[in-house]
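Asker: When the sequence shown is numbered by our numbering, its final residue is 927 and no position is left out of the sequence of numbers.
Keep in mind the hints are simulated off the structure, nothing from the lab. Treat the hints loosely; a few may be bogus.
Only pairs whose alpha carbons sit at most 27 Å apart, straight line, appear in this in silico DSS-like list of lysine-lysine [to be verified]:
(1) K364 x K172
(2) K617 x K553
(3) K506 x K530
(4) K894 x K877
(5) K28 x K172
(6) K695 x K797
(7) K374 x K507
(8) K436 x K476
(9) K321 x K553
(10) K869 x K527
(11) K797 x K660
(12) K527 x K764
(13) K660 x K777
(14) K180 x K342
(15) K28 x K902
(16) K906 x K602
(17) K877 x K890
(18) K906 x K573
(19) K552 x K530
(20) K833 x K777
(21) K904 x K877
Ranges of calculated distance between the beta carbons of each label pair, as one might list FRET restraints [unchecked claim]:
(22) E762 x A838: 19 to 27 Å
(23) A866 x T821: 27 to 35 Å
(24) K374 x E898: 39 to 47 Å
(25) Q400 x R247: 47 to 55 Å
(26) E236 x S394: 31 to 39 Å
(27) P561 x W140: 46 to 54 Å
(28) R265 x P561: 35 to 43 Å
(29) R746 x K374: 49 to 57 Å
(30) E862 x T821: 24 to 32 Å
(31) R288 x G350: 28 to 36 Å
Using N, Cα and C, we set each Cβ at its ideal position, and we do this for glycine too.
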Amino acid sequence: MDKTYQPNAIEQQWYQTWEENGYFKPSGDTEADPYCIMIPPPNVTGSLHMGHGFQESIMDALIRYHRMLGDNTLWQVGTDHAGIATQMVVERLLGAEGVSRHDLGRDKFIEKVWEWKRESGGTITRQLRRLGASPDWSRERFTMDDGFYQAVQEVFIRLYEDGLIYRGKRLVNWDPKLHTAISDLEVLNEEEQGHLWHFRYPLSDGSGHLVVATTRPETMLGDTAVAVHPEDERYRHLIGKTIRLPLAERDIPIIGDDYVDREFGTGCVKITPAHDFNDYEMGQRHNLELINILDADANLNDAVPEKYLGMERFAARKQVVDDLDALGLLEKIEPHTLKVPRGDRSGVVIEPWLTDQWYVKTQPLAEDAIKAVEDGQVNFVPKSYENMYFSWMRDIQDWCISRQLWWGHRIPAWYDDAGNVYVGRSEKEIREKHSLDDDLSLRQDDDVLDTWFSSGLWTFGTLGWPEETPELKAFHPSSVLVTGFDIIFFWVARMMMLTLYFKKEVPFHTVYVHGLVRDNHGQKMSKSKGNVIDPIDLIDGIDLESLVKKRTTGLMRPKDAPKIEKQTRKDFPEGFAPFGTDALRYTYYSLAATGRDIKFDVGRIEGFRNFCNKIWNASRYVLQNCDGQDCAQDGSEDFELSLADRWIISQLQKTEKAVREAMDSYRFDLASQALYDFIWQEYCSWYLELSKPVLWDDSASAAVKKGTRRTLIRVLETTLRLAHPLMPFITEEIWQRVKTLARKSGDTIMLQPYPAPNEHKIDTDAEAAVAWLKEVIEGVRNIRGEMNISPAKKIPLLLRGGSDTDRQLLEQTRNLLTKLASLESITCLKQGEPAPASATALAGDLELLVPMAGLIDVEAESARLKKEIDKLEKELVRVQVKLSNPKFVDKAPAEVVAKEKDKLTEMQSAQMRLKQQLQALDNL
Numbered sequence: 004m005d006k007t008y009q010p011n012a013i014e015q016q017w018y019q020t021w022e023e024n025g026y027f028k029p030s031g032d033t034e035a036d037p038y039c040i041m042i043p044p045p046n047v048t049g050s051l052h053m054g055h056g057f058q059e060s061i062m063d064a065l066i067r068y069h070r071m072l073g074d075n076t077l078w079q080v081g082t083d084h085a086g087i088a089t090q091m092v093v094e095r096l097l098g099a100e101g102v103s104r105h106d107l108g109r110d111k112f113i114e115k116v117w118e119w120k121r122e123s124g125g126t127i128t129r130q131l132r133r134l135g136a137s138p139d140w141s142r143e144r145f146t147m148d149d150g151f152y153q154a155v156q157e158v159f160i161r162l163y164e165d166g167l168i169y170r171g172k173r174l175v176n177w178d179p180k181l182h183t184a185i186s187d188l189e190v191l192n193e194e195e196q197g198h199l200w201h202f203r204y205p206l207s208d209g210s211g212h213l214v215v216a217t218t219r220p221e222t223m224l225g226d227t228a229v230a231v232h233p234e235d236e237r238y239r240h241l242i243g244k245t246i247r248l249p250l251a252e253r254d255i256p257i258i259g260d261d262y263v264d265r266e267f268g269t270g271c272v273k274i275t276p277a278h279d280f281n282d283y284e285m286g287q288r289h290n291l292e293l294i295n296i297l298d299a300d301a302n303l304n305d306a307v308p309e310k311y312l313g314m315e316r317f318a319a320r321k322q323v324v325d326d327l328d329a330l331g332l333l334e335k336i337e338p339h340t341l342k343v344p345r346g347d348r349s350g351v352v353i354e355p356w357l358t359d360q361w362y363v364k365t366q367p368l369a370e371d372a373i374k375a376v377e378d379g380q381v382n383f384v385p386k387s388y389e390n391m392y393f394s395w396m397r398d399i400q401d402w403c404i405s406r407q408l409w410w411g412h413r414i415p416a417w418y419d420d421a422g423n424v425y426v427g428r429s430e431k432e433i434r435e436k437h438s439l440d441d442d443l444s445l446r447q448d449d450d451v452l453d454t455w456f457s458s459g460l461w462t463f464g465t466l467g468w469p470e471e472t473p474e475l476k477a478f479h480p481s482s483v484l485v486t487g488f489d490i491i492f493f494w495v496a497r498m499m500m501l502t503l504y505f506k507k508e509v510p511f512h513t514v515y516v517h518g519l520v521r522d523n524h525g526q527k528m529s530k531s532k533g534n535v536i537d538p539i540d541l542i543d544g545i546d547l548e549s550l551v552k553k554r555t556t557g558l559m560r561p562k563d564a565p566k567i568e569k570q571t572r573k574d575f576p577e578g579f580a581p582f583g584t585d586a587l588r589y590t591y592y593s594l595a596a597t598g599r600d601i602k603f604d605v606g607r608i609e610g611f612r613n614f615c616n617k618i619w620n621a622s623r624y625v626l627q628n629c630d631g632q633d634c635a636q637d638g639s640e641d642f643e644l645s646l647a648d649r650w651i652i653s654q655l656q657k658t659e660k661a662v663r664e665a666m667d668s669y670r671f672d673l674a675s676q677a678l679y680d681f682i683w684q685e686y687c688s689w690y691l692e693l694s695k696p697v698l699w700d701d702s703a704s705a706a707v708k709k710g711t712r713r714t715l716i717r718v719l720e721t722t723l724r725l726a727h728p729l730m731p732f733i734t735e736e737i738w739q740r741v742k743t744l745a746r747k748s749g750d751t752i753m754l755q756p757y758p759a760p761n762e763h764k765i766d767t768d769a770e771a772a773v774a775w776l777k778e779v780i781e782g783v784r785n786i787r788g789e790m791n792i793s794p795a796k797k798i799p800l801l802l803r804g805g806s807d808t809d810r811q812l813l814e815q816t817r818n819l820l821t822k823l824a825s826l827e828s829i830t831c832l833k834q835g836e837p838a839p840a841s842a843t844a845l846a847g848d849l850e851l852l853v854p855m856a857g858l859i860d861v862e863a864e865s866a867r868l869k870k871e872i873d874k875l876e877k878e879l880v881r882v883q884v885k886l887s888n889p890k891f892v893d894k895a896p897a898e899v900v901a902k903e904k905d906k907l908t909e910m911q912s913a914q915m916r917l918k919q920q921l922q923a924l925d926n927l
């Protein structure tokens, strides 16, 4: 093995080997339990972000784990056609050539999209490979594949024929730039500074006026009522009267509705049912007129007075305010912080807009989906997310499934000139079914289906439905869905509804819900914020200047670039060193506490890169001491296990049990911690050190040496298999070098059996003895540290008190204790026997004494400690003064204040330790 661990030198070559040899495919063993995960299909336009990296790492750990358990394992991979995102990418490329999609026409434009997909649409799948993901690439699907299109078409037609799909005019999120309806998930609601305008609306009878407050003055031209709370004593006597709508010169009613917040603004709310979702609901309750005042570009249409016709919405806002002010109807303007809805792709302000769209009646579908969770057919992990699921499903609204795009599954509906609608698989089928004359003109609907509609069929559509394929029979329902909480409704719930309706079974048995990956400041990662971390940059490394450039390119608000650059230089002054895939993946697992958001700290990945180095160096030690030696792997019994051997074997059984239990309960944080503690603390820090006195002692018997070499190899090989699902690359590389010594056959670690604990190998006596040995050694090391004694200097150790058990354990471990604690002698003091001036520590009831005579210069050490104490006390005073200053405590960010308090606590503890050491010196 190379002296240093270089992940880039091994990772890509191993991945290529795995994929070329077909190791990711299902075993095909019909006797084995099936295990299936469907990848949440990433956008074909996308690139790997931290959320993807986290999610894919979790799925890959589960897949590799179940593959090694012997299950017939399928990880179904694929990508989503991402209607809006893909169309934008291709339109942008055409725009650079001076061509629009309308210049090309629909068919030619679709050809261009497929051309782009073939050439550039595989970025994210290449990056998934770099992450070590092991899906069955031979089965890769795309939501626009011919086979998948057949499933989408079939579902639409059947739902329509069953009366569950209809076309209607309702309010949607309208993107005026992209000219399409979009889902709530594609709307970013972020706080912005705006204004609250207060206008006087005159009562029609001339008896006075009402003051309404609004953040969108231009929409007042579409008002059809003013609402007040029915119990508001200020206004309830006016309910039923009308006001004269300024500028529009229409009389509109004053209505009472419980929705009105009496405390907000003036307690009077203008109602514009065609341009606000809440107003729309109120309009339905009170049978109000719907007046749409905007066109598809969000410019004012002919429903407004001629003066405003064709005006851009924000220009119209200014004009309306000026005109009302001129009429003496503007009472005041207040600064106001509000949530502004912007399209996540276009960046423009989204308008609630009344338009004809296709809808799915979801309430009938939701009933079975709710029941499936109530009955335990589907379980959420953590269970608390069931409440979120139920809340959405029990208040579900009809689902808008049409989008005004060209790229996507075109809606299989045709219209004749009279406006009749015909739904079918093709125009030919429709003509035959409805006996339509050939000369009757039919036009197919121009809209496409929402991408969530097609991805709602993912679990069964990818397996060949509507055909009853062998894969569908073997792997459906799937085992677990791994997803973020933010798409429980948009994707999870819709898969549940559609799968139960068409397959009469659930799509999956478990929904594992993970948190969001946030930046080191706890903020959601977003390109628009410039705080994104690219997982590939962490794997391969990136210099500071390149990182700054990536983070400040493509911002929604370019003016934020200097601030983002400053923050990036502060947070990551060195950029990112190449950490490798295994270190990144292990970081994800360590942070995967069930359901919690992740605050990603790059310092943590540095720690796990060191962990990889530790495993590498430990393996080099094992190979150097075992290669070419008799390691007792031939089945013979001519070896003897030492106390340390029995102890580490026992610890391994407990670790195997803990890791398996954690993996089975989706506690990746606990699995990674159990492995980390065993590998770093028990195997590397202790067992390897305990092996040295045996291997390097010429007086040790051949049988004991063989037993130690056997244990070194066997425990290492088993631990590599135990860690493989979490750290695939380094474990494969080392296992290939260890397998011959361990007498293991097979071409890859990923198809080896996963370790299972053997309770018969748990040795409580060995564990108690080594625990005692460790406590004594650590006690001696603490004395060395406190008294500034070199670890290499041999020192005498006196033992006082303790029990018969302590003395028995001493005799068992005397040789190990002498070597590992670097002792020149060990002496047990008799009861009442005086001890020289010594530094002391305790190991249970046993007192450890190290005589100081001749070991240290008491005067010099005392002076050093006093200097340290003085320095610390000055720093303590500085921090205490800072924390006692109300200006700092009240105005500084909470995390800064908390950091100072933690620093104070740490310094106080250090001060106490130093004073104790000084006291000990004074007593010598």
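Asker: For the pair supplied as a hint, K527 and K764, confirm whether the alpha-carbon distance does not exceed 27 Å.
Answerer: Status violated; Cα separation ~47 Å.
Asker: Within 24 to 32 Å: is that where the Cβ-Cβ distance between E862 and T821 falls?
Answerer: holds, 31 Å
Asker: Falls inside 35 to 43 Å, the C-beta gap from R265 to P561?
Answerer: Since the Cβ atoms of R265 and P561 sit about 42 Å apart, the hinted range of 35 to 43 Å holds.
Asker: Hey, K869 versus K527, does the alpha-carbon distance stay inside 27 Å?
Answerer: With Cα atoms ~47 Å apart, K869 and K527 exceed 27 Å; violated.
Asker: Within a Cα-Cα threshold of 27 Å, do K877 and K890 meet the stated pairing?
Answerer: holds, 22 Å
Asker: Starting from K833, check that the Cα of K777 is at most 27 Å away, please.
Answerer: Roughly 24 Å between the alpha carbons, so the hint for K833 and K777 holds.
Asker: Does the Cβ distance between P561 and W140 fall inside 46 to 54 Å?
Answerer: At roughly 39 Å between Cβ atoms, W140 and P561 fall outside 46 to 54 Å, so the hint is violated.
Asker: The hint says 39 to 47 Å between K374 and E898; measuring C-beta to C-beta, is that right?
Answerer: holds, 45 Å
Asker: Take a quick look at whether K904 and K877 sit within 27 Å of each other, Cα to Cα.
Answerer: holds, 16 Å
Asker: Regarding Q400 and R247, is the given constraint of 47 to 55 Å on their beta-carbon distance met?
Answerer: Violated, at about 35 Å.
Asker: Under the criterion that the straight-line Cα-Cα distance not exceed 27 Å, is the pair K906, K573 satisfied?
Answerer: Roughly 21 Å between the alpha carbons, so the hint for K906 and K573 holds.
Asker: Mind checking the alpha carbons of K906 and K602 for me, to see if they're no more than 27 Å apart?
Answerer: holds, 21 Å
Violated hints, listed in ascending order, are 2, 3, 5, 8, 9, 10, 11, 12, 15, 22, 25 and 27; each of the other numbered hints is respected by the structure.
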